[in-house]
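Based on the hints, put chain B in the right spot on chain A.
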Amino acid sequence: GDSVTQMEGPVTLSEEAFLTINCTYTATGYPSLFWYVQYPGEGLQLLLKATKADDKGSNKGFEATYRKETTSFHLEKGSVQVSDSAVYFCARGSNSNYKLTFGKGTLLTVNP
Amino acid sequence: GAGVSQSPRYKVAKRGQDVALRCDPISGHVSLFWYQQALGQGPEFLTYFQNEAQLDKSGLPSDRFFAERPEGSVSTLKIQRTQQEDSAVYLCASSLAGGGRDEKLFFGSGTQLSVL
Numbered sequence: 245g246d247s248v249t250q251m252e253g254p255v256t257l258s259e260e261a262f263l264t265i266n267c268t269y270t271a272t273g274y275p276s277l278f279w280y281v282q283y284p285g286e287g288l289q290l291l292l293k294a295t296k297a298d299d300k301g302s303n304k305g306f307e308a309t310y311r312k313e314t315t316s317f318h319l320e321k322g323s324v325q326v327s328d329s330a331v332y333f334c335a336r337g338s339n340s341n342y343k344l345t346f347g348k349g350t351l352l353t354v355n356p
Numbered sequence: 010g011a012g013v014s015q016s017p018r019y020k021v022a023k024r025g026q027d028v029a030l031r032c033d034p035i036s037g038h039v040s041l042f043w044y045q046q047a048l049g050q051g052p053e054f055l056t057y058f059q060n061e062a063q064l065d066k067s068g069l070p071s072d073r074f075f076a077e078r079p080e081g082s083v084s085t086l087k088i089q090r091t092q093q094e095d096s097a098v099y100l101c102a103s104s105l106a107g108g109g110r111d112e113k114l115f116f117g118s119g120t121q122l123s124v125l
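From first to last, the protein sequence lines stand for chains A and B.
Residue numbering for the first sequence is 245 to 356, as defined by the numbering used here.
Residue numbering for the second sequence is 10 to 125, as defined by the numbering used here.
If you are wondering where the hints come from, they were derived from the structure by calculation, not from laboratory data.
One or more of the hints may lead you astray.
If you anchor each label on the Cβ, the simulated ranges turn out as follows [as the list claims (entries may be wrong)]:
(1) B:Asn60 / A:Ser323: 27 to 33 Å
(2) B:Glu80 / A:Ser327: 34 to 40 Å
(3) A:Leu351 / B:Asp111: 23 to 29 Å
(4) B:Ala106 / A:Tyr274: 28 to 34 Å
(5) A:Gln325 / B:Pro70: 34 to 40 Å
(6) B:Gln50 / A:Ala271: 20 to 26 Å
(7) B:Val83 / A:Thr314: 39 to 45 Å
(8) A:Thr256 / B:Gly12: 25 to 31 Å
(9) A:Glu252 / B:Gly12: 39 to 45 Å
(10) A:Ser302 / B:Ala106: 42 to 48 Å
(11) B:Gln50 / A:Thr256: 29 to 35 Å
Distance condition first, Cα-Cα at most 25 Å in a straight line; then the derived PhoX-like pairs of lysine-lysine [as the list claims (entries may be wrong)]:
(12) A:Lys304 / B:Lys113
(13) B:Lys113 / B:Lys66
(14) B:Lys113 / A:Lys300
Everything numeric in this text was worked out from a predicted model, so none of it was measured.
We put the beta carbon where it would ideally sit given N, CA and C, even for glycine.
Excised from the complex, chain B in its bound form:
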């Protein structure tokens, strides 16, 4: 597609449920990023993939968060046993090359997760 696509757009989960958030990056983009944006805050880095390799997961807040990109294109962010503090907008971004410091990121519209 023309841009980064994320699904679902909205997700409501009961506390303790597992959720899976999908990201379709721009075709051919090597790098893929996940960011978490809490209400009233700026996005915060979660994790980074270069092709299928997860090179950085330093921003994942707990071991309940898991991300994968098995074929180097679509990525899934999974949150196990969701808690209320996981409520946020989850943003996916991709870039053409290897994630250098000046590289332009293309963001999806995000998935808004609400945990009740």
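Isolated chain A (complex conformation):
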């Protein structure tokens, strides 16, 4: 079935460091791909998405490119801030409907 494999955490970085969180997905069909973020005490929020191969989703300095050839959707940011500390979830959509399949999440802590 559908699955998402996400880089294990936790990840600890210093402010202004470069961030990569790896994500790969099962290759059946042409799913949409998403990154959700969960700040402490809050619900999951959509960070960015891409709906087809080679699309790049971007938001708040974060980027991820839909790579069909490597079935990947890695999250990157050039310079992280303390306020980026959160749990990040990679997710793939169903080929036909609303269901989301999530990875296990990666806890990011950014120190000043």
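Only chain B this time, still in chain A's reference frame:
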């Protein structure tokens, strides 16, 4: 309200008790979803409503789990005879339209259920 609201925020139940978890979606949102998030795992789909109709309950883990949305707004997830394996965070999400594959979901903060 401005976002999806869930209550209670925390619930402790003794094994065998029944619990009811409430979700208030964003006003006017047609679609409503329940997800279950076990410790250290990502959320897993439980069930989906479009207005008051429960169109998909394929993710409910057993017949002890029951969800309803009788007037197409507030939803309740009920778990009967709770077991320790039911301990998890239960997330509710809503979306504006009919739950298409690219639709943006708005999540609540969840209800953390602990079964002792």
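Restraint check for Lys113 (chain B) with Lys66 (chain B), where alpha carbons must lie at most 25 Å apart: It holds: about 20 Å lies between the C-alpha atoms, which stays within 25 Å.
Does the beta carbon distance between Gln325 (chain A) and Pro70 (chain B) stay inside 34 to 40 Å, or does it fall outside? Given range 34 to 40 Å: holds, Cβ gap about 39 Å.
Mind checking the hinted window 34 to 40 Å against the Cβ distance between Glu80 (chain B) and Ser327 (chain A)? Holds, since Glu80 (chain B) and Ser327 (chain A) (Cβ atoms, about 39 Å apart) stay within the stated range.
Note whether the CB distance of Asn60 (chain B) and Ser323 (chain A) lies within 27 to 33 Å or breaks it. violated, 44 Å
Supplied distance hint 20 to 26 Å, evaluated on CB atoms of Gln50 (chain B) and Ala271 (chain A): Cβ of Gln50 (chain B) to Cβ of Ala271 (chain A): about 22 Å, so the range 20 to 26 Å holds.
A range of 29 to 35 Å was offered for this pair. Does it hold for the Cβ distance of Gln50 (chain B) and Thr256 (chain A)? violated, 21 Å
Between Ser302 (chain A) and Ala106 (chain B), is the Cβ distance one that fits in 42 to 48 Å? About 24 Å separates the Cβ atoms of Ser302 (chain A) and Ala106 (chain B), which means 42 to 48 Å is violated.
If you check the beta carbons of Glu252 (chain A) and Gly12 (chain B), does the distance land in 39 to 45 Å? Since Glu252 (chain A) and Gly12 (chain B) have Cβ atoms about 30 Å apart, the given range 39 to 45 Å is violated.
Given pair status - Lys113 (chain B), Lys304 (chain A), alpha carbons within 25 Å: holds, 17 Å
How does the Cβ-Cβ distance of Leu351 (chain A) and Asp111 (chain B) compare with 23 to 29 Å: does it lie in that range? With Cβ atoms ~27 Å apart, the hint holds.
Just tell me: holds or violated, for the beta carbon distance of Ala106 (chain B) and Tyr274 (chain A) against 28 to 34 Å? violated, 21 Å
Can you confirm whether the C-alpha distance between Lys113 (chain B) and Lys300 (chain A) stays at or below 25 Å? Within the cut-off at roughly 17 Å; holds.
Going through the hint list in order, the structure does not satisfy hints 1, 4, 9, 10, 11.
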